[in-house]
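**Student:** So the sequence lines, in the order shown, correspond to chains H and U.
For the first sequence, counting from 1, position 237 maps to 237 in full-length UniProt numbering; every step adds exactly one.
For the second sequence, counting from 1, position 553 maps to 553 in full-length UniProt numbering; every step adds exactly one.
Check the hints yourself; a few may be wrong.
Unchecked claim - Non-contacting residues of chain U with respect to chain H, defined by C-beta distances greater than 12 Å in every case (computed):
(1) Ala10
(2) Leu120
(3) Gly136
(4) Phe142
(5) Val267
(6) Ile295
(7) Lys449
(8) Lys506
(9) Cys520
(10) Pro556
(11) Lys585
(12) Thr719
Unchecked claim - Selected chain U positions facing chain H (in silico; Cβ < 7 Å):
(13) Gly435
(14) Arg482
(15) Thr491
(16) Phe522
Please keep in mind that the hints were generated in silico from the structure rather than gathered at the bench.
A virtual CB, placed ideally from N, CA and C, is assigned to each residue, including glycine.
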Amino acid sequence: MKEKLKKLQEEAIQLIEESVTPETLNDVRIKYLGKKGELTAVLKGMKDVAKEERPKVGQLVNESREIIEHALDYAKTEMEKARRAEQMKKEVIDVTLPSKKNMIGHRHPNTIALEEVERIFVGMGYEVVEGPEVEYDLYNFEKLNIPADHPAKDEQDTFFINPEIVLRTQTSPVQARVMEQGKLPIRMIAPGRVFRSDEVDATHSPSFHQIEGLVVDKKVSFADLKGTLEVFAKELFGEETKTKFRPHHFQFTEPSAEVDVSCFKCGGEGCRFCKGTGWIEILGCGMVHPRVLEMCNIDPNEYSGFAFGVGLERIALLKYEIDDMRLLYENDIRFLKQF
Amino acid sequence: MNTSLSWIKAYVPDLEVTPRKYTDAMTLSGTKVEGYEEHDKDLEKIVVAQIEKIEKHPDADKLVVCQVNVGDEIIQIVTGAPNVKEGDKIPVVLVGGRVAGGHEPGAKVAGGIKIKKGKLRGVESFGMMCSIEELGSTKEMFPDAPEDGVYILPEDAPVGESAIQYLGLDDVVFEFEVTSNRVDCYSIIGLARESAATFNKEFHLPEIKETGNGEDVNESIKIQVENKELCPRFCARVAKDIKIGPSPKWLRERLVSVGIRPINNLVDITNYIMEEYGQPMHAYDLSTIEGGKIIVKTAKNGEKFVTLDGQERELDETMLMICDAEKPIGIAGIMGGENTMITEEVKTVLFEAACFNGTNIRKSSKKIGLRTDASGKFEKGLDPASAVDAVNRACQLVEELGAGVALSGIVDVYSGESKQITVPFDGKKINEMLGTDIAEEDMIDILDKIDLVYNPDTKEIMVPSFRQDIERLADLAEEVARFYGYDKIPTTLPKGESTIGKISFKLRVEEVAKDVAEACGFSQGMCYSFESPKVFDKLLIPEDSTLRNGIKISNPLGEDYSIMRTTPLNGMLTSLATNYNRRNKDVRLYELGNIYIPRDLDKNELPDERMQFTLGMYGVGDFFSMKGVAETFMEKVGLKERETYSPDSNIPYLHPGRQANILYQNQVVGYLGEVHPEVADSYGIGEKTYVMVIDMPFIEEKASFEKKYEGIPRFPAITRDISMVMKKEIMVGEVEKIIESNGGKYLESYKLFDLYEGEQVEKGYKSVAYSIVFRGKEKTLEDKEIAKAMEKILQSLEALGISLRK
Numbered sequence: 001m002k003e004k005l006k007k008l009q010e011e012a013i014q015l016i017e018e019s020v021t022p023e024t025l026n027d028v029r030i031k032y033l034g035k036k037g038e039l040t041a042v043l044k045g046m047k048d049v050a051k052e053e054r055p056k057v058g059q060l061v062n063e064s065r066e067i068i069e070h071a072l073d074y075a076k077t078e079m080e081k082a083r084r085a086e087q088m089k090k091e092v093i094d095v096t097l098p099s100k101k102n103m104i105g106h107r108h109p110n111t112i113a114l115e116e117v118e119r120i121f122v123g124m125g126y127e128v129v130e131g132p133e134v135e136y137d138l139y140n141f142e143k144l145n146i147p148a149d150h151p152a153k154d155e156q157d158t159f160f161i162n163p164e165i166v167l168r169t170q171t172s173p174v175q176a177r178v179m180e181q182g183k184l185p186i187r188m189i190a191p192g193r194v195f196r197s198d199e200v201d202a203t204h205s206p207s208f209h210q211i212e213g214l215v216v217d218k219k220v221s222f223a224d225l226k227g228t229l230e231v232f233a234k235e236l237f238g239e240e241t242k243t244k245f246r247p248h249h250f251q252f253t254e255p256s257a258e259v260d261v262s263c264f265k266c267g268g269e270g271c272r273f274c275k276g277t278g279w280i281e282i283l284g285c286g287m288v289h290p291r292v293l294e295m296c297n298i299d300p301n302e303y304s305g306f307a308f309g310v311g312l313e314r315i316a317l318l319k320y321e322i323d324d325m326r327l328l329y330e331n332d333i334r335f336l337k338q339f
Numbered sequence: 001m002n003t004s005l006s007w008i009k010a011y012v013p014d015l016e017v018t019p020r021k022y023t024d025a026m027t028l029s030g031t032k033v034e035g036y037e038e039h040d041k042d043l044e045k046i047v048v049a050q051i052e053k054i055e056k057h058p059d060a061d062k063l064v065v066c067q068v069n070v071g072d073e074i075i076q077i078v079t080g081a082p083n084v085k086e087g088d089k090i091p092v093v094l095v096g097g098r099v100a101g102g103h104e105p106g107a108k109v110a111g112g113i114k115i116k117k118g119k120l121r122g123v124e125s126f127g128m129m130c131s132i133e134e135l136g137s138t139k140e141m142f143p144d145a146p147e148d149g150v151y152i153l154p155e156d157a158p159v160g161e162s163a164i165q166y167l168g169l170d171d172v173v174f175e176f177e178v179t180s181n182r183v184d185c186y187s188i189i190g191l192a193r194e195s196a197a198t199f200n201k202e203f204h205l206p207e208i209k210e211t212g213n214g215e216d217v218n219e220s221i222k223i224q225v226e227n228k229e230l231c232p233r234f235c236a237r238v239a240k241d242i243k244i245g246p247s248p249k250w251l252r253e254r255l256v257s258v259g260i261r262p263i264n265n266l267v268d269i270t271n272y273i274m275e276e277y278g279q280p281m282h283a284y285d286l287s288t289i290e291g292g293k294i295i296v297k298t299a300k301n302g303e304k305f306v307t308l309d310g311q312e313r314e315l316d317e318t319m320l321m322i323c324d325a326e327k328p329i330g331i332a333g334i335m336g337g338e339n340t341m342i343t344e345e346v347k348t349v350l351f352e353a354a355c356f357n358g359t360n361i362r363k364s365s366k367k368i369g370l371r372t373d374a375s376g377k378f379e380k381g382l383d384p385a386s387a388v389d390a391v392n393r394a395c396q397l398v399e400e401l402g403a404g405v406a407l408s409g410i411v412d413v414y415s416g417e418s419k420q421i422t423v424p425f426d427g428k429k430i431n432e433m434l435g436t437d438i439a440e441e442d443m444i445d446i447l448d449k450i451d452l453v454y455n456p457d458t459k460e461i462m463v464p465s466f467r468q469d470i471e472r473l474a475d476l477a478e479e480v481a482r483f484y485g486y487d488k489i490p491t492t493l494p495k496g497e498s499t500i501g502k503i504s505f506k507l508r509v510e511e512v513a514k515d516v517a518e519a520c521g522f523s524q525g526m527c528y529s530f531e532s533p534k535v536f537d538k539l540l541i542p543e544d545s546t547l548r549n550g551i552k553i554s555n556p557l558g559e560d561y562s563i564m565r566t567t568p569l570n571g572m573l574t575s576l577a578t579n580y581n582r583r584n585k586d587v588r589l590y591e592l593g594n595i596y597i598p599r600d601l602d603k604n605e606l607p608d609e610r611m612q613f614t615l616g617m618y619g620v621g622d623f624f625s626m627k628g629v630a631e632t633f634m635e636k637v638g639l640k641e642r643e644t645y646s647p648d649s650n651i652p653y654l655h656p657g658r659q660a661n662i663l664y665q666n667q668v669v670g671y672l673g674e675v676h677p678e679v680a681d682s683y684g685i686g687e688k689t690y691v692m693v694i695d696m697p698f699i700e701e702k703a704s705f706e707k708k709y710e711g712i713p714r715f716p717a718i719t720r721d722i723s724m725v726m727k728k729e730i731m732v733g734e735v736e737k738i739i740e741s742n743g744g745k746y747l748e749s750y751k752l753f754d755l756y757e758g759e760q761v762e763k764g765y766k767s768v769a770y771s772i773v774f775r776g777k778e779k780t781l782e783d784k785e786i787a788k789a790m791e792k793i794l795q796s797l798e799a800l801g802i803s804l805r806k
């Protein structure tokens, strides 16, 4: 009996090893382990075995069954692996073929620059506010200490709607609007569109953008203005950027300054980009003129403030090395796609 | 404002500085130097020489061979100059030196021309005699230069010395950007004062000596100012026995150094004083002034007047005129009249120095269309005090130059009062403003350097009349800061109460618009806010449409930029057309920009500025791609309900059968559609073009970024498919409305999965199939729980004349 089982087992293993398809494996299973299979037949023939021998024979049959089953499983797994390997060989692709991209749009360079500036100032506790583009002369000039008939008004090439309404020439009127509301302290920036009567060319546009900044609080000093703009310049143009404050004149600030940053192209040594000076002018600023505070009902003896104005296009042109301002308003997709 | 270093040094004698250093230091103390030009940058080894002997050239008729004394030796120079004779003193460039250019006018060469030893027709030449052009100047500046030939130097020229220095051509001219508040710096005296303070050197005002022959000027002239507001001060002096002639060298040189052409002593004096004091002057031939009287009054409307330049000018009643007893003789502050012009025959001269209202001069000059050096100064608003100095200085120069004899006294009509302006000084407060710790004495020292003198008794700063810009402490703080040095002020950050940085809700919604547009393939463009009124025709907008009532700019750059836009369409279509013309494929653009809807402009109401989210595209995609952008956007800004689309939008510039209003809660929030082919044609876009405009203020009102987790469905859904046949005209939106309103509480979603028109369906009909999904939140639904809802949906559909396919 024992020999018979051993023989059956060896036969089965041999058949399994010879099998090449899942079908032949299945045949082996049926032949030996099926209801009418040979191992099953051995169990069926148990009645001819002596009663005391039966458990032992049963155990032997089960052992053989397990061995065959195991061999079957193993062979099946191997076969499947081989099949997969074969399949994958056929599925090889040329990974250098072109990709399938989603069509994704691009943000305007002005907006990218603006968001950068906003990020810097929001991080320093500034609120972003807006004001009207069609504005009263009162806010655009008068409340900024530029009275009627002042030459500074002529210098700005203003578009008029009527004698009292203009297209704002600067974002500074937002200063007056915010201060007038009387909520102190103020830390704000006001980005937006402004208009000047300039013919379109590579460096001029009748419509462009500015970002106004304003801080009003107790004991705000010129040193604070310097510190703030130094942080701004470093964040925007890089840690190694240096700033230079030059005295200047604006009607609504006193003292006033223009700010240059060290040329980020040559690091300040002088190149074509900075016209050999090593410096690039980026903004105007100053301490809010006490008369401006007074006109907005803020007591200049108690409060002081600083303000600054940056040309957004100027930043965008500098930062991205765009050589013609007209590109910003043509909306040629080949230009926009580069940002 | 241009000034030469030599002229500045006339008042700041100790100033020794390189042009570069001067530029930097002045810029940092607040007088910005825009640039400078070194007149002698291309001139080298040019000396005063004297011709000792001239001989004919053996082989050339037009050349001569000269023996020239250059100081330490005699050299031979061959020249073709027709105007030289023995004994002449001439500028000579030695071998190895450089000249500025050729002898043709305007023939300057970058870097100059190097002079080498040469042979002219076989005769050696060791240098070159120079024309005025070769020295980098012009005949205009040196009127005594010959038309053709070498510039002959005056007899007093020192042989062997630098001819460049002798001619004053070794100067540097600085170009200053003077800010509008610093009227005083439109004068050389003003710039010299700033220079002295910047470099901490002594500053010397020119000394004005008393002049006069004892005759009283009041006998010769009476002045009457009728309009005192427009002419706060009018000063006059008279000089007789005038001898017109050339000015001396020093005076000519100074004028030349700042680019003013010397003419004759009288004209040169007035020009000189205008530069020196920033005070324009006018000289009249007294014999042409009738009645011995000058009257300052406004013109009559329509009056005509011929100015010095021979042009007839039309005047109006706002313009101030200088008149004599009979007639106008000059437009105040702008230009004198032809009728009183100085000629060579002048015997007696009247000098005028006045102070006019700057705004009035500016406006008159604009109206007449004549801007002169004088009006340019007057319009800034001059210091009334400088008029007196100017006429006195003029008489002094007349006497010094031997040009005539000044009468005694001055006629000074001054309606203002010379009041000492003072500003209380508070050093502590200045330090607070600046964030500095400057000692009070140092502040007072700084202020003193620019004639802002501290009075220790009153603790006030006395402000001189030429500093009309200084009114309060902040102004003093600036003066202290700029001479202390902006660079020395520390850098700190505002301390104070902390504030929260944020962007407005409006900007957050716009942020979403940008994100969605870009995710859908649209790139951001920017368009102008103003456009041409022709745009409305181009967009087929009816004559009576309110869109045509845009706000007009009263002084536009041209008609094409004259109206504030009431629709963003033109900008978008123009941008798409630009791309189409440049053969860019599959273009998708968006813009976030305002339109300007007028309110009551007569009542001076500002317009309603409405932010529009505008999208446009051609190439890949269609109406429904655009609609998808709308849906995505509405969902992303957290609109609670679904928007709907209605075809009754009637927008003239869109295809009549392919356009829709976008509605939210029954309000129109925007529209989309295919651009009308006629409109696309006029813009020159040769492909189907789709646009969408969403009104952002409305969205902003309804948007919400509040989110709540609603759970992930845990129970299986039941899906019912319905298949229908309906008339073509019925929009599937109707079906959706029915499903939505009858679907009951378990309705989760629905989806069109088949749409067919064609042979299998009766003509004029279409077959539509929807899949409707129901789901319970708390349990697995049973069929009977949705049976009622389905029943209602089907009944409503049938009521609409839609038949169901079983």
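**Student:** Evaluate each hint against the coordinates.
**Tutor:** Each hint, compared with the structure:
With a minimum CB-CB distance of about 25 Å to chain H, U/Ala10 clears the 12 Å threshold, and the non-interface call stands. Distance check on U/Leu120: its Cβ is at least 41 Å (rounded) from any Cβ of chain H, clearing the 12 Å threshold; non-interface status holds. The claim that U/Gly136 is not at the interface with chain H holds, since no C-beta of that chain comes within 12 Å of its own (minimum 23 Å). Against the 12 Å criterion, U/Phe142 stays outside the reach of chain H, whose nearest CB is about 32 Å from its own CB.
With a minimum CB-CB distance of about 28 Å to chain H, U/Val267 clears the 12 Å threshold, and the non-interface call stands. Every CB of chain H lies more than 12 Å from the CB of U/Ile295, the least distance being 26 Å, so the non-interface label holds. The claim that U/Lys449 is not at the interface with chain H holds, since no C-beta of that chain comes within 12 Å of its own (minimum 15 Å). With a minimum CB-CB distance of about 7 Å to chain H, U/Lys506 fails to clear the 12 Å threshold, and the non-interface call is violated.
Residue-level check failed: U/Cys520 sits 7 Å from the nearest beta carbon of chain H, not beyond 12 Å. The Cβ of U/Pro556 does not lie farther than 12 Å from every Cβ of chain H; its closest approach is about 7 Å, which violates its non-interface assignment. The beta carbon of U/Lys585 is not kept farther than 12 Å from every beta carbon of chain H, the shortest such distance being approximately 9 Å. Against the 12 Å criterion, U/Thr719 stays outside the reach of chain H, whose nearest CB is about 30 Å from its own CB.
Contact between U/Gly435 and chain H, as hinted, is supported at the beta carbon level, the nearest pair being about 3 Å apart and thus within 7 Å. Because the closest C-beta pair between U/Arg482 and chain H is about 4 Å apart, less than 7 Å, the hint holds. For U/Thr491, the suggested interface contact is upheld, since its CB lies about 4 Å from the closest CB of chain H, less than 7 Å. At a threshold of 7 Å, the smallest CB-CB gap from U/Phe522 to chain H is about 4 Å, leaving the interface hint in force.
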